Amino acid sequence: MGSANIANITVSCVLNTFTTGSDPLFANQWHLKNTGQDGGTVGEDVNVVPVWNSNIMGAGVRIAIVDDGLEIAHEDISPNVVLGQSYNYVNGTTNPTGSDPSHGTAVGGVAAARDSNGLGVAGAAPRAGLVGYNPLEIHTSANEADAMTRNAAAVSISNNSWGANDDTGGYNASDATWRTAINTGLTTGRNGKGIVYTWAAGNGGEGAGSLHVDNSNYDGQANYRGVLAICAVGDDGVRASYSERGANLWVCTPSEGRGGHGITTTDRTGTAGYNPDPTNSGDYSNRNYTNTFSGTSSATPLASGMIALVLEANPNLTWRDLRIILAQSARKNDPFDPDWVVNGGGFNVNHNYGFGVANANAAVELANPNTWMNIGPEITFATPTATVNTPIPDDGGTATSSTIAVAGSGVGKIESVEIVFNTNHPYVGDLDITLTAPFGTVSRLNEPHTCGDGECSLPGGTWRYSSARHLGEAANGPWTLTVKDMATGDTGTFTSWQMTFYGRAN
Amino acid sequence: MFLKSIGLLLLLSTFVSGVHADDALSKSKGKKASTPLTVSYRWYDGDSEHTVWLNPDLVAEFSTPKVDKSAVKRAYPNAVPERGSRGLTRIWRLGGIGASEGLQKTRMMSPDGMYSPVFNDGGTRKRALPGGIIVYFKPDWTASQISAWTASQGLSIMNKLEIGLNIYVLKTAPGLVALETANRIHKSGDVISAQPNWWVEVSTR
Chain U
6 MGSANIANIT
16 VSCVLNTFTT
26 GSDPLFANQW
36 HLKNTGQDGG
46 TVGEDVNVVP
56 VWNSNIMGAG
66 VRIAIVDDGL
76 EIAHEDISPN
86 VVLGQSYNYV
96 NGTTNPTGSD
106 PSHGTAVGGV
116 AAARDSNGLG
126 VAGAAPRAGL
136 VGYNPLEIHT
146 SANEADAMTR
156 NAAAVSISNN
166 SWGANDDTGG
176 YNASDATWRT
186 AINTGLTTGR
196 NGKGIVYTWA
206 AGNGGEGAGS
216 LHVDNSNYDG
226 QANYRGVLAI
236 CAVGDDGVRA
246 SYSERGANLW
256 VCTPSEGRGG
266 HGITTTDRTG
276 TAGYNPDPTN
286 SGDYSNRNYT
296 NTFSGTSSAT
306 PLASGMIALV
316 LEANPNLTWR
326 DLRIILAQSA
336 RKNDPFDPDW
346 VVNGGGFNVN
356 HNYGFGVANA
366 NAAVELANPN
376 TWMNIGPEIT
386 FATPTATVNT
396 PIPDDGGTAT
406 SSTIAVAGSG
416 VGKIESVEIV
426 FNTNHPYVGD
436 LDITLTAPFG
446 TVSRLNEPHT
456 CGDGECSLPG
466 GTWRYSSARH
476 LGEAANGPWT
486 LTVKDMATGD
496 TGTFTSWQMT
506 FYGRAN
Chain C
42 MFLKSIGLLL
52 LLSTFVSGVH
62 ADDALSKSKG
72 KKASTPLTVS
82 YRWYDGDSEH
92 TVWLNPDLVA
102 EFSTPKVDKS
112 AVKRAYPNAV
122 PERGSRGLTR
132 IWRLGGIGAS
142 EGLQKTRMMS
152 PDGMYSPVFN
162 DGGTRKRALP
172 GGIIVYFKPD
182 WTASQISAWT
192 ASQGLSIMNK
202 LEIGLNIYVL
212 KTAPGLVALE
222 TANRIHKSGD
232 VISAQPNWWV
242 EVSTR
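If you read the protein sequences in the order shown, they are chains U and C.
Going by the working numbering, the letters in the first sequence line up with residues 6 to 511, in that order.
Going by the working numbering, the letters in the second sequence line up with residues 42 to 246, in that order.
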């Protein structure tokens with residue numbers, strides 16, 4: 006009790022030192038400092054204020070907002086814009102505002118709106134540099150790839166609050182050119198330390214208006230090993246209903262949840278954007294801001310901003326170090342959720358939350374360059390393809406399993422696992438697919454669900470799932486893939502599967 | 042919301058009982074697309090071969106930020122924008138007019154515009170061909186070799202992608218010619234791979 010009191014006194018003193026009090030809407034930014042505004046739970050935020058008070062606000066770290074555009078002239082964004090470094094894919098200029106940058110402008114504000122300027126809001130990293138790339142204006146393979154690596158030496162974080170359509174239940178693979186671009190950004194970006202890619206996990210959970218439940222693992226971009234899939238919790242710390250589950254999730258951050266409290270951020274200047282007429286909407290009278298932003302779109306730049314704080318604290322972190330720091334420092338939210346397990350690496354992990362809610366202060370402390378030692382080189386180990394060729398019983402319960410015994414991998418600590426599953430089943434939404442590790446940790450890769458337009462097969466009969474849930478476990482040992490067909494009618498064969506492990510020796 | 046809740050209840054009841062999700066899931070499966078997609082095309086994504094299906098009801102129009110400036114809309118006043126329209130890309134449902142006929146008429150009326158048939162890609166996304174192909178040249182080719190080879194194919198370089206060695210975007214006309222050109226070059230054996238510079242449907246989240 007005594008210690009708690011001392012801690013409270015300390016916090017109170019420190020709070021007086023930061024100056025966001027001059028940002029008139031900061032008090033409403035519960036995702037940064039949750040004081041229980043509008044009934045939220047005190048402390049359900051990303052805990053950035055103690056970091057700011059240690060004078061770490063993202064300075065020197067550049068965040069690329071890859072989106073529909075970014076209003077770089079916005080009063081609360083422009084102070085952080087790195088002039089001449091943005092790109093417009095329509096006209097080739099360095100002004101990425103584009104035809105309708107509503108989404109990107111809201112995203113940019115969550116990440117890095119300027120603090121202490123007497124205007125609007127603060128971003129999670131209020132002194133980070135911002136650039137905008139607008140490939141969504143004309144979303145071609147070439148533009149998409151270019152946006153992943155543009156100015157790669159200078160970009161620390163690439164924020165991607167977009168992806169394949171949600172609420173479809175379908176399987177949308179990433180293109181090889183996009184994966185090539187990501188791999189290039191990881192290996193050569195940030196002078197070899199790797200760009201950190203944040204990716205919205207998806208809004209296809211069972212939210213209002215959705216018809217088919219998505220899992221983030223059905224999205225070939227959000228489930229790629231080179232990106233961080235970011236999920237969303239509400240101001241009560243509980244999964245936002247739209248936020249997709251997935252074995253690939255890394256961390257969540259706050260966004261609008263079941264309390265219905267949106268995120269306060271920047272909006273297009275004037276009458277455009279999400280706050281065109283506040284008269285009856287309950288939004289701010291100052292139309293340059295909105296309190297309605299939401300989704301994993303909003304959760305993602307919040308993660309990007311807090312990552313910028315970590316990278317300012319320790320610029321020498323590689324993208325792989327950063328991922329481990331995020332996982333290790335995340336807070337176990339919604340602690341009574343039955344999905345929480347402790348994996349063989351000692352990490353709390355949950356299909357709804359990944360490793361939990363990102364905690365900026367804990368991450369910055371962990372990243373302290375005086376104590377953090379960068380992890381060793383990456384090791385990759387690919388198993389041979391296991392041929393199965395077994396019909397999957399169409400009875401809603403009988404399992405078909407296959408085990409791959411991994412030996413001599415050299416991977417003592419897994420960082421991610423890819424699982425390629427092959428089947429001719431015409432409706433993969435029927436299938437419940439789980440991967441069981443040697444330690445016993447289970448990754449649920451596919452959940453029974455429906456798909457839009459009845460199209461629910463795997464493209465080309467193959468799919469690459471991924472799992473973050475085995476972080477820190479050893480690769481060697483028996484891995485079992487179990488497949489059940491939970492709906493009668495459509496039938497198919499479990500043809501084959503294969504795994505690739507990414508990690509390090511120890 | 043209501044429909045989704047019903048579906049969830051059905052799925053939940055399945056897990057609770059632990060047996061035979063069958064009826065619940067089967068009855069809530071979506072219907073097949075109303076228009077059968079029978080015409081397919083192959084394309085190459087690096088080492089992988091993929092199939093797309095031509096959607097006979099839709100056409101794509103590029104670089105038309107304002108609907109009232111749309112050539113498609115001028116040709117077909119009853120055309121309605123379809124899901125997937127974003128930024129400078131419009132996907133149009135022509136309403137009783139086939140895409141092939143629609144593209145032909147639109148091209149005749151406004152030959153300078155950029156139009157493409159629309160494809161479904163086996164996932165849930167639409168794809169279209171705004172023009173251009175992405176070619177992975179062999180890493181030991183010099184820039185002058187690449188330029189010479191490109192010219193020999195009657196093509197020109199748009200730009201180089203800085204995502205690896207010798208990955209270039211070459212210029213083609215929009216539409217099926219881009220797909221056919223990419224496939225021809227891919228199969229030629231002269232290069233590592235070639236693919237169309239697809240427009241791909243995405244959403245903000």
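Keep in mind the hints are simulated off the structure, nothing from the lab.
From a predicted model like this one, the values you see are computed outputs, not experimental measurements.
Ideal Cβ placement from N, Cα and C applies to all residues, glycine included.
Careful, some of the hints might be misleading.
[Stated by the list, open to error] Just some of the chain C residues that point at chain U, by a computed CB distance under 10 Å: (1) Thr-130; (2) Tyr-177; (3) Val-243.
Results of checking the hints against the structure:
| no. | hint | result |
| --- | --- | --- |
| 1 | Thr-130 | holds, 6 Å |
| 2 | Tyr-177 | holds, 8 Å |
| 3 | Val-243 | holds, 5 Å |
The earlier numbered hints are all upheld by this structure, with none contradicted.
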